[in-house]
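Spelled out, the chains give:
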Amino acid sequence: MEKKVGVYICSGCGIGEALDIAQLAKVATSEQKVPVCKTHPFLCGEEGLGVIRNDMAQEGVNTLVVAACSRRAKTDAFSFDPTQICLERVNLREQVAWCQPAGADDTQMLAEDYLRMGIVKAKKMEPLVPFREEISKKILVVGGGVTGLTAAREAANAGYEVVLVEKEAQLGGYLAKLHKSYPRRAPYLELENTQIDSLIQDVEANSKIKIYKGATIQRTAGAPGLFDVTIQQNGSSETVRIGAIVEAAGFVPYDATKLKHLGYGECANVVTHVEIEQMAREGKIRRPSDGAAPKAVAFIQCAGSRDPQHLPYCSATCCMTSLKQAKYVRSADPEAKVYIFYKDMRTPGQYENFYKQVQQDEGVFLTKGEVVSVVEDGDKGIRIQVEKSLLGEKIEVKADLVVLATGMVPVAAIGEEIVVKLAEEEEGKKTEAEKEPPADRIIRSNILNLAYRQGPELPALKYGFPDSHYVCFPYESRRTGIYPAGAIRQPMDGALAMDDATGAALKAIQCVEMVSRGEAVHPRSGDLSYPELFLQRCTQCKRCTAECPFGMYDEDEKGTPKPNPTRCRRCGICMGSCPERIISFKDFSVDIVGSMVKAIEVPEEDEEKPRVVCFICENDAYPAVDLAGILRLQYSPFVRFVPLRCLGDVNIVWIADALSKGIDGVMLIGCKYGDDYQCHFMKGSELANYRMGKIQETLTRLALESDRIRVHQLSIDEYHEIPKLVNDFMAKIEEVGPNPYKGF
Amino acid sequence: MTQPMRIEPDLDFVRDVIRSGGETVKKCFQCATCSVVCPISPGEEPFPRKEMIQAQWGLKDRLVRDPDIWLCHNCNDCSTYCPRGARPGDVLNALRQKSIEHYSVPGKLARMVSDRKYLPHLFGIPALFFLIVILFTNHFGDASIVSHGQEIKLEGLIRSWKMIPMLAVDVIFILTSLLVVGVFANGVLRFWKDMEALRPARVGLIQSAIDVAREIFTHKNFKECTTNQDRYLGHLGIFYGFVALFTVTTCIFFGIYFLNLVVHIPLTPWPWYNPVKILANLGAIALLGGCFLVIRNRLRGGEDTRTSYYDWFFLGLVTAVGLTGFLAEIVRGLGIAFLYYVLYFAHLVCVWALIAYLPYSKFAHLVYRTTALIHAKASGRDLKSTIPVRRLSEGGGGQVA
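If you read the protein sequences in the order shown, they are chains A and B. Take the first sequence: its letters are residues 4 to 747, numbered as in this note's numbering. Take the second sequence: its letters are residues 3 to 403, numbered as in this note's numbering.
Hints listed in this document are in silico derivations from the structure and should not be mistaken for laboratory results. Yeah, the Cβ is synthetic: ideal placement off N, Cα and C, and Gly gets one too. Be aware that one or more of the hints could be misleading.
[What the hints assert, rightly or not] Quick list of the computed label-pair ranges, beta carbon to beta carbon:
#: 1; chain 1: B; residue 1: 204; chain 2: A; residue 2: 336; range: 29 to 39 angstroms
#: 2; chain 1: A; residue 1: 336; chain 2: B; residue 2: 195; range: 30 to 40 angstroms
#: 3; chain 1: A; residue 1: 160; chain 2: B; residue 2: 301; range: 43 to 53 angstroms
#: 4; chain 1: B; residue 1: 17; chain 2: A; residue 2: 359; range: 11 to 21 angstroms
#: 5; chain 1: B; residue 1: 195; chain 2: A; residue 2: 391; range: 46 to 56 angstroms
#: 6; chain 1: B; residue 1: 192; chain 2: A; residue 2: 268; range: 32 to 42 angstroms
#: 7; chain 1: B; residue 1: 220; chain 2: A; residue 2: 359; range: 35 to 45 angstroms
#: 8; chain 1: B; residue 1: 302; chain 2: A; residue 2: 190; range: 28 to 38 angstroms
#: 9; chain 1: B; residue 1: 298; chain 2: A; residue 2: 264; range: 56 to 66 angstroms
[What the hints assert, rightly or not] 30 angstroms max Cα-Cα, derived DSSO-like pairs, lysine-lysine:
#: 10; chain 1: A; residue 1: 346; chain 2: B; residue 2: 29
#: 11; chain 1: A; residue 1: 359; chain 2: B; residue 2: 29
#: 12; chain 1: B; residue 1: 222; chain 2: A; residue 2: 397
#: 13; chain 1: A; residue 1: 346; chain 2: B; residue 2: 195
#: 14; chain 1: A; residue 1: 401; chain 2: B; residue 2: 29
#: 15; chain 1: B; residue 1: 195; chain 2: A; residue 2: 397
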């Protein structure tokens, strides 16, 4: 397609006051030879936009460079069909006019560099062609407990076909094993029926839901919209085409046989929550040793929970469950005593009302304390010793029956931990400074059996939960199109599980709809670009297949990557990893960014105007820089920000490009990584850090100081640190001195 | 390794406490705000937090012997600040009742005093008894009597001893008082022994007693209370009212029976300008004024405290004593004979009840609290919070300074 570039410079919002617009326009026209260049004092208004639209209609302009405010502002005003028009936004406002002194030479040079970079990029961009294939909008729900049933029902009621796979012979999961549920609605005082039966009925009666009971998933191949799921049932297999998956396989109670120190297995009359619930369901709570009704029941909370030797986390529901079961005992026998020994009583939100009510029962004795010994007595009674109790001293209590409140373990955490092979390392010894590329933790839990190069299940995060870690995006696992919900992703009770299921079902629907349009689902929602590989030059180094945080690439036997575009989140980390630079997007490539860097004008050494390139990711770093501008925080004019989708996009060749051009330093600012990561693409900034660690050796060989490269983690709320970060780095560059390759 | 304390909660005791005005005891979740806020709780093992959990757990044996429940002066700062509405002030009040039932024998009588269905019995039986005595000893039909070798004409006179001779009254009351002293002796000795087992007295008893007396006479602990200044004034009035009236009664007793042997002391009533009479009237005014304040306080009560039948019994009885006495005096002065004798009769029954039920009603605090305070001083358990607390009234939002 014949590209005709139009540059539109807005002089509103203080841009006109800070810069010599006419001079700036000359960069576009005289220097870059752009055919159309116009300025307007209010470009985002109807008149300003009219100028652009007119040029598009009359002059055939099809590539726009809008030099105005940040790309994050006025997105609906500057909105054009990316399959027809290429658009590049140059930030002259937040990143120039607002953070630099008006009218200064350095401010002008900064604006001119940005315009150059924008024009160079616009010239190289191509209109997008969405990835279109025949996709399925069918939703697979794995697990037929309360979460799975609710997700299936909600998706079916929204009009989607659902396939529900449950490994047991009957539906209902753990909720079906309860006698009663603790209260789930105001005033939160009475026990209620679980109502799981009506939920099962609803699902079984729904014609849009196909149910497989006593079935497991043998294999899941493909990608969102194009999953081929093989379901195994009664010895035979069936493969179904699926659009998105809700993983609601639930939990199992923590193995009480590990709790010998609390008497399980050692004393006849020590049982778990699940066991006493079963007794209640059958109508009689009895001591296992002699079948007598207990006159004193002791509940030990946090049995194997909040304990580094067992489950380090809290399972959220055990306190309420014990209170409920205390009520079972007390209503069966008003003279029976119930003891509850807890580390804390956790009854969040409105559940506090239920706690207060059970507290009022004169026969329930609550105390905080540490249970230090559980010993069987002569008559099979249990003597419990509790230290640090509220009664001020070590106490001993005799109970007829002891109930251990054990925690929830997600089924995703149960299985053999496997190591997925990473990229082949280069020959030669590894130096101490070199780090390992970050790897995911995969547990073969036999839930989905993904035919993915990066492992057969969702990566396990903290404590083995396949969670997303984002508070705002709770269902986003590390595999696109697969959404964990319910107790498998976080310990929760039936009430929360139903909400969770609904959310995950909605996500699954969103996924199939967007994929059918060729759009990325999250976080670059609506992005029509996707990576394209020039495979002729691929050397099968397997960096892209290993480093993609979402397992987008499968491999053939030789190791050649096979992309699955619907799995892709368009982050560009693969682009950064490829040493041969064969991966690119139509609107974003190694060449594009490299050309942007090379477009920067680098003054001679004697002018004493250093130049620093700073790569910033669009998720936390770019908004932080914008916010610094909005707050009019001022900083060094010598930094050129280059926006990327993710810091993981940084290809080492750009560092070489920058340094050989005479640029004095390169800084990378991205989201935080680690245990409490903020990186929106999971591992991007960590990979950037890892890659920069690898080039220390190269730098030394080139007699360049390693201080010239710096990687920094930042979160969006640390915008006030931008001036300090920038100025500190500039101070270091001053100290280190100008790039010796300047002017070559 | 310390031996653990074996615990067996007494479910009946928990129910008992709940029935006796401590119905909010189970709401406590042991945040310890009450102990921090209490102006007179010591810094070590403060109250009332531990009493709350012990009451929840039905640890009867511990609680009835606990001297701390008596160190509490029921100012209710704790109840005001309690975030859960557990009203520790009221719970401790209920616990004191249980303690009284334990130490004052027979406990059955104490339980009757706190149970409103026995009200007719507790007053009816003594009233009947007095009526019988009056029936046999009254001088209503007589024209004159001989007293101290003198003949006194009865026509037109309104005199208590026309209805019932002073000797009869005095004998009945002295016998009753001796019984009461006996019950208290038993209770105090057992209480002291139990307190010694917890924390032995090391400092001199006499000095401790003097210190406590000083505190009581100045009402020092009442002044510590911040949410309720009326309590100080109310109790002060009642206390000094009683002191005055007791002094007066003693003076009259000694005057009429002993001093009279030396110099002629006329029979009561004495003229209004008599210093003893003046003291008596001042005492009555103080007593009634105090009762009024206390009643008003309790009626205003609010969320933080509830007044039970047990509380009203004692307060009602004291007020009745004051009112019947004072009104009788006024009515006699006005010459309304019939009303006078009715009021005097009521006064007699009330005063007798006050004394007879002293060890079993809330009035027992007179002896038990004093004992506990003396022991506390003697065992070094100082009644002073070691953590300074800035209170709501000082604009600190109740935070620890």
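| query | Any hints this thing doesn't respect? Which numbers, in order? | reply | 1, 3, 5, 6, 12, 13
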